[in-house]
Amino acid sequence: MVRLGAFGVGLLFVVTLLWAAVQPRDPVQPDPVEKYHLAPVAIDWSWRGPGNAGIFGTFDRAQLQRGFAVYKGICSACHAIHRVAFRDLADIGFTAPQIKALAKEYDIPSIDDKTGEPSTRKGLPSDKFPLIYPNEIAARAAQNGALPPDLSLITKAREGGANYVHSLITGYRDAPKDWQVPDGLYYNPYFRSLNVAMPPPLSGDGQIEYADGTKATKDQMARDVATFLTWTAEPKLEARRSTGVAAVLFLAALSVLAYLSYVRVWADIKHPKAGAVPAE
Amino acid sequence: MSFPWAKHYQPTTTFGRYLDAKLPLPRFIYDSVGAGYPAPKNLNYFYNFGFLAGAALMIQIITGIVLAMHYRADTSLAFDSVEHIMRDVNSGWLIRYMHAVGASFFFAVVYIHIFRGLYYGSYKAPREVLWMLGVVILLLMMAAAFMGYVLVWGQMSFWGATVITNLFSAVPYVGETLHTWLLGGFAADNATLNRFFSLHYLLPFVILGVIILHVWALHIPGSNNPTGVDVKGPQDTVPFHPYYTAKDFFGLSVYLMLFAGVVCFLPNALGEPDNYIPANPLATPAEIVPEWYLLPFYAILKSFTVDFLFIPAKLWGVLAMVSAIALLFFLPWLDTSPVRSNTYRPLNRIFFWVLVADCLVLGYCGGHPPVEPLVRIGQLAAAYYFAHFLLIVPFVARIEKPLPLPHSINEAVLGKESKTGAPIGLQPPGYNETPAGTLGSGGATPQPAE
Amino acid sequence: MATQHSDDLTESGERRRDFIYIATGAFAAAGAATVLWPLINQMNPSADVLALASIDVDLAAIQPGQAIVVSWRGKPVFARHLTPAEIAAANKVDVASLRDPQTLAQRTKPGQTQWLITLGVCTHLGCVPLGAREGENKGEFGGYFCPCHGSQYDTAARIRKGPAPRNLEVPVYSFKSPTSVTIG
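Protein chains in written order, with the numbering used here: chain H, 1 to 280; chain D, 1 to 450; chain V, 1 to 184.
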C-alpha cells in the first residue's frame, strides 16, 4: 500500500517536473549590465598576511590612520560610520587626548538640559560617529534621490569586501558608446547597475595630506581607506586570527593525543595477543 | 542491556550503592553510553557523526543562551544589538561566530549522519522508529535554523522570512489567513521577530528531547553497522566505553579543530554579504537565497514553474518541498530489500551515489538565479530526487541480487568471508529473546552478570 | 577503564599507556577551562558600558544649600553645595562618636569643602535617600534621609542614625576647574 501510494505520488511529481522541463523557454534578452560589469580586482592586502591567506596578518596602524584620514577628509562628507565609537579609535593607535579632541569636533544630537528641546552637544569618546543625515528621507532629499550607505560594515556587506571598495573608488571611467548614463550619475563598471550616484571621490594624487609623509596617490588612498573600512567592519579581526591559530594548534595536539589514546584502547581488539582475554 | 552479555553496573562504593538505590543515574549512563552498552565492533568513522551532532547541538545551546543575554528582539534594535555583540561584548564576536558557523556545522554533520544511515540501511527494520525520530529532528532543526537566521534582521533575514512565510499562502482557501496568523501582521515585523525569537529559544530544547527519544530507540535494537548484519554474539561487540567513547572523543577533537578554523579564519564564508545590511522592507536584495543547508529544498521549490493538473505552480512547489522531507518517513517501507548495507547491494549502491550527486546539483541550482540551463537542470535533478525514493528504491529492492553476506560481524572484521555467504534475512535467530529496553529498566537491585 | 585489562602488558607498556590517557585528559580539561572563560567573561560590563564609566559634571549653577542629582554608572550621584552653616554643623560633630568616623575634610577635596559629592545610594540596602531635591525630607541631621529603613545622614552625608553601616560613599572624582568635576 505504501509502495503503491509512493509510486503514484512519485509519478505525479516526476511527470510535473518533466512537463515543466520540456516547456519552451522565452528567448532571454541578455542583460546589458552583464556585458560591462566587472568583478572586483583582487589585490594583496597587508592585513591578509603571508600569501594573502588571511591567517596571520595584522593591521598596519599607520595605514589604518591614513585610511581614517581619507575617510574623514573625503568620504565623511556623505557617508557615516555610525557603528564605530570614537573610543574605538584607540585600537588604531589614537591616544586618549587625541580621541577626546576628535570627538569634540562632532556635534551629537542631545536634549537641552534647560529647555528640554532637541539640541546638540560636543561629542565624547563614548559617543559613536554621528549620522550625517538623521534618516533615509533626509539623505535622499539632500543627495538627489541617492542614499549614501553607512560605511561601518561595508566591506562585509558587499561581495568582494575590501577589493570591492578599492575597485569601486578607483574604477570610474568613460562609459562605452552604447551605454547610457543618466544625468547626475557616473559610469563605474564595478557598481552593480554600472550607474552610480556617487561622484568619483578620488580626484587625483595629493588630495589628502598624509601626516606620515606617505605619498597620497589615488591607489594609495583607495588601499588605505579600504583597509580602514575593513577594520570598521571587523574590529576584532586580529584577536580572531590569533585565537584561531592558538585554538587550531591546541586542538591539533589534542587530536594527536586522542588518536593515540584511541589506538591504545583498541589495541586488544585490533591486534589480539595470543591467549589474551578479549575486553568483554 | 539489549544483549544478554551486556555488562551490568556494579557500584563499588557505599555512596555508589546508596545513589543506585535512590537515583540510578550512574547506572543509566553506564547502560546507555558506558560499558553496559555493547556496540558492534566494526563501526567506522561515519558512525562518529551521531555523537558529533549531539556535540554541535550543545555548542548551539550554550552559545545561544549567551547571545540571548545580549540580543534584543525588536526590529529597530535587533541588528544593532548583534553589532553590539560583535564589537562591545567581551568575546562577543567569538560567541556569535561560533553560533552562526555552528549552525552550518550542525547541518553538515547531520547530513553526513543521514547519508550514512541511507548507505548502511540503518532506516530498515528494526530501526524504523529511530529513523523517523531522526527525520523529526531534521524538520525541527530546519525550523530552528530558519528562525535563528531571521533574528539578525539583516536584508537576507527579512526577505528570507518574507519568502518562506509566503509559502504558507499557497495553501488553498486558508492560505492568506494562515500567512497573516504566522506573521502576526501583514508583513514580517516586530510581532514576527518576537515570536521567532521565542520559538528559536524553545526549539533546541525540543530537539534535545527528541534526541533523547532517538537514542532510546537506538538502544532497543542496538547500533547498526557497516555490514548491516545483526549482532549474533559477544564476539561481535565491544563495550561502548571505553572503545567508542575513545573513538568519539578523537572525532570530536578533529571536528572542533575544523570548527575553530572556520570560526576564526572564514567566519563569513558560508554567509551572505546582504545580511550585513540592516533589513529594509522597501528594497529587495538582488537575489534571495537561504543558507546553504536549505538550498536543495529551495531548488525543489523553485523547479515547479508551470501550473499543471489545475494545481498552480506555487502550490506544486510547496507540496513538493514538504514531500521531499516527508517521504523520508516512509523510506523503511519503500525499501523492501532484506539486505541493509549497500556494501552488499551493487545496484542500489550506484543509485545511492547518484542521489548524493543529485543533492549537490540541487544545492547548486538552489543557490543560483533562475536562468537556463540551471532551471532545466534543477527540474531534472528534482525529478530524480523524487524518482529515487518513490520509484527507484522500491523497484531496485525487487530486482536486485545482493552479494553474499558475511555470517557475522566478527567474521567480516577478521576478513574470513565465506564464499557461500550467510542466508539473507533481517531477523537473526534468538534476536528477540532478551527483554529490550535500556531506559526505565534500571532496577534498584543490581542484577547479576550472566 | 582500560587499565583493568592491562595485566598482560609489560610494566613499561602500562606506564606509557597511562601517560597517554593522563596527557589526553589533562589537555582536554585545560581546553575546556579555556573555553569556559569567554562564556563567563561575556557577562562582565561590555566596552560601551565601561566607556561611560566617567562623566563630567558642571557645578556652576548650583547655589549654596542646593544639590543636583546626576546619573553615573547607572546610579545617582548627589553633588551638594554646602552653606557655611552646614559646613560648621558638620565640623562641630565629635568624629570619635560616629559609626563611620570621617571628617568633612576627608570627604571633600582640599579648598573645595563646600562641594560634597557622594553616591546617592544608601549603604544599608541600596535605596536612594531623600534630601537632594528641593523640599525633600532631609532627616534629623539636615543631610539625607533614607525612606526605606530610616537611615539618617548629616550635612557631610555621614551615617548618624538608623541601620546603614557606613557613610554615603564618595566616588573617585577630581576638579577640572573650580566649578566642574570629572567623576570616575
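It should be emphasised that the hints constitute simulated quantities derived from the structure, not laboratory data.
Careful, some of the hints might be misleading.
[Claimed, not checked] Derived pair list, reagent style DSS-like, types lysine-lysine, alpha-carbon separation capped at 30 Å:
hint: 1; chain 1: V; residue 1: 92; chain 2: H; residue 2: 114
hint: 2; chain 1: H; residue 1: 114; chain 2: V; residue 2: 161
hint: 3; chain 1: V; residue 1: 75; chain 2: V; residue 2: 138
[Unchecked claim] So these bits of chain D aren't anywhere near chain H, every CB distance computed over 12 Å:
hint: 4; residue: 26
hint: 5; residue: 70
hint: 6; residue: 87
hint: 7; residue: 115
hint: 8; residue: 213
hint: 9; residue: 334
hint: 10; residue: 353
hint: 11; residue: 354
hint: 12; residue: 381
hint: 13; residue: 386
hint: 14; residue: 411
We put the beta carbon where it would ideally sit given N, CA and C, even for glycine.
Against the structure, the hints:
1. A C-alpha spacing of about 37 Å is found between residue 92 of chain V and residue 114 of chain H, which places the hinted pair above 30 Å, so the restraint is violated.
2. The hinted pair formed by residue 114 of chain H and residue 161 of chain V fails the criterion: a straight-line CA distance of about 37 Å is larger than 30 Å.
3. A C-alpha spacing of about 20 Å is found between residue 75 of chain V and residue 138 of chain V, which places the hinted pair at or below 30 Å, so the restraint holds.
4. Listed as a non-interface residue, residue 26 of chain D keeps its Cβ farther than 12 Å from every Cβ of chain H; the least gap is roughly 21 Å.
5. Interface exclusion of residue 70 of chain D from chain H stands, the closest Cβ pair being 15 Å apart, more than 12 Å.
6. Non-interface call for residue 87 of chain D relative to chain H: violated, since the shortest CB-CB distance, roughly 6 Å, does not exceed 12 Å.
7. The claim that residue 115 of chain D is not at the interface with chain H holds, since no C-beta of that chain comes within 12 Å of its own (minimum 20 Å).
8. With a closest Cβ-Cβ approach of about 23 Å to chain H, residue 213 of chain D is found to remain outside the 12 Å limit, as its non-interface label requires.
9. The beta carbon of residue 334 of chain D is not kept farther than 12 Å from every beta carbon of chain H, the shortest such distance being approximately 6 Å.
10. Residue placement check: residue 353 of chain D keeps its beta carbon more than 12 Å from all beta carbons of chain H (closest about 20 Å).
11. The claim that residue 354 of chain D lies off the interface holds: its Cβ sits roughly 15 Å from the closest Cβ of chain H, which is beyond the 12 Å cut-off.
12. For residue 381 of chain D, the condition that its CB be more than 12 Å from all CB atoms of chain H is violated, with the nearest at approximately 9 Å.
13. Residue-level check failed: residue 386 of chain D sits 4 Å from the nearest beta carbon of chain H, not beyond 12 Å.
14. No Cβ of chain H comes within 12 Å of the Cβ of residue 411 of chain D; the nearest lies about 15 Å off, and the non-interface call holds.
When the structure is compared with the earlier hints, violations turn up for hints 1, 2, 6, 9, 12, 13 and for no others.
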